[in-house]
Amino acid sequence: MNLDGPKSFQLNLSNFGCSLTAIALIWLLITIGAGWLVKSLFVLMGLLILAPIVGFFAFRWWLKRNLVQENCPVCNYPLAGFNQAALQCPSCGEALTVTHGHIERPTPPGTVDVEAIEVPTKLLED
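Under my numbering, the sequence shown has 34 at position 34, and the numbering climbs by one with no breaks.
Each hint should be verified, as a subset may be incorrect.
[Stated by the list, open to error] So the derived label-pair ranges between C-beta atoms look like this: (1) I49 x C75: 45 to 51 Å; (2) W62 x T111: 33 to 39 Å; (3) K64 x V38: 39 to 45 Å; (4) T97 x L44: 18 to 24 Å; (5) L63 x T107: 24 to 30 Å.
If you're looking for bench data, these hints aren't it; they were derived computationally from the structure.
Keep in mind it's a predicted model, so treat the numbers as computed, not measured.
Think of the CB as a built atom: it goes at the ideal place given N, C-alpha and C, for glycine as much as any other residue.
Please model the complete structure; the sequences and the hints are all you need to start from.
Here it is as structure tokens:
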């Protein structure tokens with residue numbers, strides 16, 4: 001064995017097989033007339049591109065309709081919640097509900113909710 005002799009040409013067919021397979025597949029599609037397959041692949045690619053865009057705008061539309069941002073009716077802390085959902089104010093701990101686009105404090109039936117005001121004592125003495 002002469003390892004230091006002239007290099008002999010060796011043909012490596014491993015890369016040639018992949019190229020030959022691709023050429024054979026293209027030739028088969030051309031001879032069968034599988035234009036419908038190519039068109040369906042283009043439609044699939046179009047759907048893959050358009051679906052996330054349409055989904056993003058649909059999610060924004062849904063979020064705009066269902067997200068309510070208001071202040072807590074008890075402590076005026078800014079809150080955000082979804083329509084028809086219950087939440088708790090992180091500032092005062094009051095249980096609240098979101099109904100009809102407004103944050104409300106649920107009260108049992110028959111309860112009268114009043115708002116107290118401070119009256120200065122000087123006015124009472126006069």
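Going down the list of hints, with the structure as the test:
Judged by the Cβ atoms, the range 45 to 51 Å given for I49 and C75 holds: they are separated by roughly 48 Å. At roughly 34 Å, the beta-carbon separation of W62 and T111 lies within the given 33 to 39 Å, and the hint holds. Distance hint check: the CB atoms of K64 and V38 are about 40 Å apart, consistent with the given range 39 to 45 Å. As the Cβ distance of T97 to L44 is approximately 45 Å, the hint placing it in 18 to 24 Å is violated.
Distance hint for L63 and T107: a CB-CB separation of about 29 Å, consistent with the stated range 24 to 30 Å.
Checked against the numbered hints above, the structure violates only hint 4.
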